[in-house]
Amino acid sequence: MNGSAHVGDQNAPRVRIRSLDKTNVDFVLSNTSLSVANSLRRVMIAEVPTMAIDLVEFYENTTVLADEYIAHRLGLIPLVSHTVDKFKYTRDCTCAEYCKECSVEFTLHIKCTESGTRTVYSSELISSNKDVVPVLETEDDRGAILVKMRKGQELNVHCIAKKGVAKEHSKWSPCAAVAFEYDPHNNLRHLDYWYEKSIKDEWPLSKNALEEQERDPSAPFDYKAEPTTFYFNVETIGCLDPQEVVTKATRVLQEKLGGLQLALDEDQAPDAAANVDDGEPWV
Amino acid sequence: MDTSENLPTYIAVLDVPEEKIEILPGASADLTSVTFSIKEEDHTLGNSLRWSIMQNPQVDFCGYSIPHPSEAKTNLRIQTTDRSNAIDAMNKGLDDLRSVCQIMKARLHQRLKEGNYAHTE
Ligand SMILES: [Zn+2]
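As they're listed, the protein sequences go chains U and D.
Residue 6 is where the first sequence starts when you use the numbering used here, and the numbers rise one by one after that.
Residue -12 is where the second sequence starts when you use the numbering used here, and the numbers rise one by one after that.
Errors might be hidden in some of the hints.
For lysine-lysine, the following DSBU-like pairs were computed, each having C-alpha atoms within a straight-line distance of at most 35 Å [stated by the list, open to error]: (1) K116(U) x K60(D); (2) K135(U) x K92(D); (3) K92(D) x K60(D).
These are calculated hints, taken from the structure and not from any lab test.
Next up, chain D with everything else stripped away, as it sits in the complex (with noise of 0.2 Å):
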């Protein structure tokens, strides 16, 4: 029996997360206290955006983990004192990486330009 007309040349998208951030239920109302489930993120993202949250002197806590490593799934836990909130931290953390790798980017593409290395063909 010939089944293969029936089935798909190509599955496609397979691994784009329906949301790729949410917030997990017991997060307290005046979400000073949120834990943050992030889909297909790593320790990439998860150990350099949770130093980046850290620098905020709002921030009382951020820690992060990989649950089950057969599951691409990043928790990030936030809590702040109850002048800030775990949202506000958040987008102040992203935008703070954000910044240091465009000045990273940047100081990069400057050196490259001044050309001032040991430079062999």
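Just chain U, same shape as in the assembly (with noise of 0.2 Å):
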């Protein structure tokens, strides 16, 4: 196969999906390491970049609703970012506060003017972009609620989305949740139960248990056994697909070890020399 001829195939890592829908990605990780596992779950949570709103400037607000509760409402609505790769962050931008390159605008303004709740939707939110609008589920769907209105209140506010990773905030997260398990079956003894009077009653086995055998428990333990398998189920909030997410993980993480190694090509020889020590060399 094309494996890497520094690590070889056997620790080239095998995938393998075990459903696919609309928001959810089930697969299994194995031949690699947890190490390895862990980093991409770490990079699908906090940073596969998204767009979220990030800047709101209130021309109106007399809903019961606080300027900052409402900037905070919708900072959190999921946004489409299908597109996000074709925007900048505004920290490379070079623009001064934000331009088209780097954000997409939002403009909401609803008066109520019948007696009666007036309930504002995300989808009532109006943007820039065709291709970043909040997230709908289905036709009919009209959003999360933002705020509801009585007779003679108003609304009137312009927003910001920009491109974010959920390092920085976990509204810019494309991940509702992230399932990560591994030796099912405890064999490893990685976990310590606490039972009653039985672990195996007490502690139900997971659906990967089946994928899995269980250790024959008269052997003696393999104290140098590691895990190679790896569960996960990634589910999103809808602004990112999920395969999307684990493609776009892999490819983060890729970018960081190419930006590191470019970093350390440009630090190394003369400026290494300036911090060797000139005594005994570490034994």
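Dock chain to chain to rebuild the complex, using the hints, since each chain is given by itself in its own frame.
Set out below in structure tokens:
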């Protein structure tokens, strides 16, 4: 196969997808280390970029909710982010505050003129970019409720959505949850279960246990054994497709490594010599 | 008194480190024992890079730590045999881990193309 010359095929990770739908992907990553699997998990949660509202200007707010309360709610609205790669981070952009290259503008101007309650939904936000809009599950889904108004109340806001990662604020996370399991039979004894009478009765096995054999309890414990198979279930909030989150995460990891290598090359020779100890080398 | 005119409307580029990676003082002269300090990285990179570097038979020791939780800094120490050095080991570790990611991505695309899984809408 097209395995790496350095790592060799025996160290090449394998992937098997068990199921995929609009919001979930269930897959098994095998023949790799816990470190790599955990890095993938961490990147999916915190470092896959998406779009989210980051700045809100209030022109009018006579609703019962305070400005900052509404601004926070606006920030948490999931935005369709399939085109996120076309945007720059504002910090890398040449503009002073925001521009088309690094942001999308939203407007919302609603005044309640009738008696009764006027509910404002996220689907009422008007976007400046047809590819970046609030996530809606179905045709007639109106999205999340932003605020409820009575007669005479008004809300007029201007929002700027920016590209970001969940490491900075969780509103940018593409994932609602990432399930992660290995060694479902606890053969490696990484877990020390608390129990009343019987571990088996009190700790039911997950569906992943069907994929692995339980260790023979009479056999000596293999203290050198390491986990090699990892079960993932990635659930998204709709801004990216679940398989998109996983593939983007592998790319983010690669870019991280590439960036570091570049920095290392720049840093090398002349600078390295400056920090060298003249005394005895470390033993 | 209105001072708003003098304030910048947006404070740009606060979190871009000057040097992404540096070698901390105390490295051995032949560079077989080096502690690198990497800025703006955490366990995501630290732990898997440590694993990747440890796969190299020329590496005697590799470990990482995040000295303080409120400082976005990861220290990674490498000690190699005298037939290699820490910089080469670091480069090889990065190369190897990158190809692991590459294979992972390729296999994922392959599986998605095959479509051999339960699909529900
Ligand atoms: Zn811009």
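Would you mind confirming whether the straight-line C-alpha gap from K92(D) to K60(D) stays at or under 35 Å? Holds, at about 28 Å.
Restraint status (C-alpha distance of K135(U) to K92(D) at most 35 Å): Holds - the C-alpha atoms of K92(D) and K135(U) are around 29 Å apart, at most 35 Å.
Pair hint outcome, K116(U) versus K60(D) [Cα-Cα no greater than 35 Å]: Violated, at roughly 49 Å.
Going through the hint list in order, the structure does not satisfy hint 1, though it satisfies all others.
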